[in-house]
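Start from chain S and add chain R according to the hints.
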Amino acid sequence: MRYQPINLGRWLIWGATALLMAVLPLIFTQGFAITLLSQMGIAIIFTLSYNMLLGQSGMLSFGHAVYSGLGAYIAVHVLNLASKGQVWMPLSLLPLVGGLAGAFFGVLFGYVTTKRAGTTFAMITLGIGELVFSCSLMFPEFFGGEGGITTNRVFGQPFLGLTFGPGVQVYYLIALWCLASMAAMYAWSHTPLGRMANAVRDNPERAEFVGYDTHKVRWFTLIISAFFAGIAGALACINFEIVTAENVSAIRSGGVLFAAFIGGVTFFFGPIIGACLFVYFVVALSDHTKAWLLYLGLFFMLMVMFAPGGIASLIVMQLPVIARGRFRSLLPHYARTGAAGLLVLAALVLTVEMTYKVSVDSANGTAMTLLGVDFDAAGTLPWALAGVLWIVGGWLFRRAWLRLSHAWGEIQAEIAGARA
Amino acid sequence: MSAAASITAALELAGVRKSFGNTEIIRGVDLAIPRGERHAIIGPNGAGKSTLFNLISGRFPASRGAIRLNGEDITRLKPFQINRKGLSRSFQITNIFHNLSVFENLRCAVLWSLGYRYSFWHRLAGLADARQRADEVLEAIGLASRRERPAGLLTYAEQRALEIGITIAGGADVILLDEPTAGMSRSETDHVVELVRRVTAGKTLVMVEHDMGVVFNLADRISVLVYGEVLATGKPEEIRANAAVQEAYLGTIHEDAAHA
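Those protein sequence lines, which keep their order, are chains S and R. When we follow my numbering, the leftmost residue of the first sequence carries the number 1, and every step to the right adds one. When we follow my numbering, the leftmost residue of the second sequence carries the number 1001, and every step to the right adds one.
To be clear, the hints were calculated from the coordinates, so they are not data collected in a lab. Check each hint, because a few of them may be wrong.
[Unchecked claim] Derived EDC-like pairs (lysine to aspartate or glutamate); straight-line CA-CA distance at most 16 angstroms:
1) R/Lys1235 with R/Asp1220
2) S/Lys115 with S/Glu205
3) R/Lys1078 with S/Glu205
4) R/Lys1203 with R/Glu1037
5) R/Lys1085 with R/Asp1073
6) S/Lys290 with S/Asp361
7) R/Lys1085 with S/Asp361
8) R/Lys1078 with S/Asp213
9) S/Lys115 with S/Asp213
Excised from the complex, chain S in its bound form (with noise of 0.2 angstroms):
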């Protein structure tokens, strides 16, 4: 009766991923990849947990750091006392205390937020964020006050001989739980409370009337939600050694929606991408710019008007092409698109930096560097050079957009005529 053939194309993936995940750190050895790599994993666990609520149940939280942050709090004060020989409790499960913490919460504030749906649900979520928030400055004891509260993750007897005190087996245990979660996550989506929370998305009068109580829905999703988001957030913890106020504020909660939308909600692999994206914005890039918020804010624009599927869309609106055979032919006009994106990035840049040395950081001068090149941001031959790229840029790439769109239309009208 339970007989499945084998899916190999989703062991495949699977396999990849994993795969993927292990070489990773050999390949980028730094420090600093390492971390990027740590907070990546860690993200894509809280936006996968977040897209729970939003791309599968309909359910538009501004306030899931709550169930993250509330995690970590309880997951530093077990690994404070575990530290000290108070519990046992090894660090490498950690982050189930974590999750259990953040499903306790879930249980106890979700009852009341998944009472109802659409923007009520968002309103009250954003009024228990803020909640959670003021308590962290009421309750020091606890939260740390503004300092925050520290940990040591190394303690006890090495485990097979991990300390993890280096970042490489940090890694590797975020690596471990950000798999068996996404793993967890996707099998979620496909049992009946999965499918049943796509209906109560989609319809939920009908779910009613099909025997299913939607506020129980909602709530036992979010619990499941919240319970994901936990365990990120005592890796998080793991991972800097101390949990502040911040991991439950709003910037937190607005962050992981950022992300989720950008990498499209709609496909189960989209918060994944959306994920990576925006820790790289948030790491990487707040290390070169101090212009990194403003990019990460036209980004999100551009995503929204232009791709409001994210980028998980924009890779599944090439799969019918590829199958049609045409993808090839839409190659140069990508690359042609592409590269004159590349000159109007360059002018945006340049413009942003330029702006931000003489405004904002002129005191010690305005000479600065940009990719290597040295110049005077007070003078006049880089603006020019700006503006001419502005023009030029954008002239090229209206042109390629128009060509790309026109191609792209044929070959849509293509697929549309072999189908019918």
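Below, chain R without anything else, positioned relative to chain S:
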């Protein structure tokens, strides 16, 4: 209602009233529908037919009166509780899961009745009984060739068939259909009548319908609802002959039956 009627009736309404603000839409409806009967509710627009369905299925609470399903009081229950007791309804305006495939729509409709509830420990792909039941209904409503298509992309007539499929999939024994043939062509209507007859065999059927051809073809008994009151209940030939119905409504019946 006599005691005997309340024991045998699949669905029984006693003194049901409903007001919205100061306006009384349902003004005291008594109705007993025995098990296995095909019962049609007809009446002019605004008579309260859809409101009556909404009261029975728990979408709105009744202001007064009692509604009993197989002798059990369901007046104050929520829609999902009423559904679990074996009453299922369709909607006048198509009410399906637009982003899910046709097959998933039907599988969602059978999960509760098969006891899977809020399970997150079963794999859907492993639930042979749910798949089988959903595929049976898929076959019965004639949408097997549309199995994997998102429900939102079906034609109107196909969506109406899916609407009926979702309604019967859970195996409820009292089925409420709200204008199953609304907006359909003659041939599509014949198709739906055949479908309804087939999938509701052995069940209790209550339907609101404007097409008199369909009503006189399908119904064992008919109730005429006018201004929130039951003007008459009886067999099709009795309704045709009823003087009060003729006065209030029959002109329309002849008209409709003629062009139907």
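We went through each hint and held it up to the structure:
Only pairs whose Cα atoms come within 16 angstroms are accepted, and R/Lys1235 paired with R/Asp1220 is accepted, the gap being roughly 6 angstroms. At most 16 angstroms may separate the alpha-carbon atoms for a hinted pair to count; S/Lys115 and S/Glu205 meet this at roughly 14 angstroms. Annotation: proposed proximity of R/Lys1078 to S/Glu205 holds, straight-line Cα distance about 11 angstroms (limit 16 angstroms). With a C-alpha separation of about 7 angstroms, the suggested pair R/Lys1203 and R/Glu1037 falls inside the 16 angstroms cut-off, and the hint holds.
A threshold of 16 angstroms between alpha carbons decides the hint, and for R/Lys1085 with R/Asp1073 the separation of about 11 angstroms falls inside it, so the pair holds. This hinted pair checks out: S/Lys290 and S/Asp361 have alpha carbons roughly 10 angstroms apart, not beyond 16 angstroms. Proposed proximity of R/Lys1085 and S/Asp361 is contradicted: the alpha carbons are some 71 angstroms apart, above 16 angstroms. Under the criterion of a C-alpha separation no larger than 16 angstroms, the hint pairing R/Lys1078 with S/Asp213 is consistent with the structure, at around 9 angstroms.
Of the supplied pair hints, the one linking S/Lys115 and S/Asp213 holds, its CA atoms being roughly 10 angstroms apart against a limit of 16 angstroms.
Violated hint: 7 only; the structure is consistent with all others.
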